[in-house]
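Asker: Per my numbering, residue 332 is the first one in the sequence shown, and the count goes up by one each step.
Hint data in this document are derived by calculation from the structure and do not stem from the laboratory. As the structure is a computational prediction, the values presented were derived from the model and not from experiment. Be aware that a few hints might be false.
Only pairs whose alpha carbons sit at most 25 Å apart, straight line, appear in this in silico DMTMM-like list of lysine to aspartate or glutamate [what the hints assert, rightly or not]:
#1 Lys400 with Glu387
#2 Lys375 with Glu394
#3 Lys400 with Glu413
#4 Lys386 with Asp366
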Amino acid sequence: MTEVQVPRLPPEVAHQQAVVLLGQAAAALMQAMVDRFGPEEAQKIVYPSLKQLGKEIASLAPELGITGKDALALSAITHLMEEQVLRVVGKPTDASSERVVKQVTACPFQNLPVDVCYAFQPICDGIAEVINPQYRWVLTKAIPKGDPICEFIWEKK
Numbered sequence: 332m333t334e335v336q337v338p339r340l341p342p343e344v345a346h347q348q349a350v351v352l353l354g355q356a357a358a359a360l361m362q363a364m365v366d367r368f369g370p371e372e373a374q375k376i377v378y379p380s381l382k383q384l385g386k387e388i389a390s391l392a393p394e395l396g397i398t399g400k401d402a403l404a405l406s407a408i409t410h411l412m413e414e415q416v417l418r419v420v421g422k423p424t425d426a427s428s429e430r431v432v433k434q435v436t437a438c439p440f441q442n443l444p445v446d447v448c449y450a451f452q453p454i455c456d457g458i459a460e461v462i463n464p465q466y467r468w469v470l471t472k473a474i475p476k477g478d479p480i481c482e483f484i485w486e487k488k
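Produce the complete structure using the sequences and hints provided.
Answerer: In structure tokens:
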């Protein structure tokens, strides 16, 4: 029997490819729902599941050493996921306990439909519900919409 020769990807390349493929899969699923139900109804359909995912992410905060309950703590959670898991490139441009603004210049999802970006709202709503419901996450700019950067804000309601 002949062996299949499988090349080995460097871990960094494998991670990058996984993020891109998962983003494309999410975009395809969202697009199918948008095509079938329209953008607003599609967001309503996925909202509960993505909010629950956010709650689960928030439950990891103590294990990650994040114990605060303010905008700095909330942004620490999302920045960790963005930068270390998704490999988003950006930096906070304003940070205080009541408000953190982050600007992103590169993201694995920047060439996908903006509906993929909107999927982060329920995730962040779930994070806020667990950590501190007095805060909210807002997407103010998005590269897929034609903005030069993406901008996220954690702020007190």
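Asker: Confirm or reject each hint.
Answerer: So, going through the hints one by one against the coordinates:
no.: 1; hint: Lys400 with Glu387; result: holds (16 Å)
no.: 2; hint: Lys375 with Glu394; result: violated (31 Å)
no.: 3; hint: Lys400 with Glu413; result: holds (19 Å)
no.: 4; hint: Lys386 with Asp366; result: violated (28 Å)
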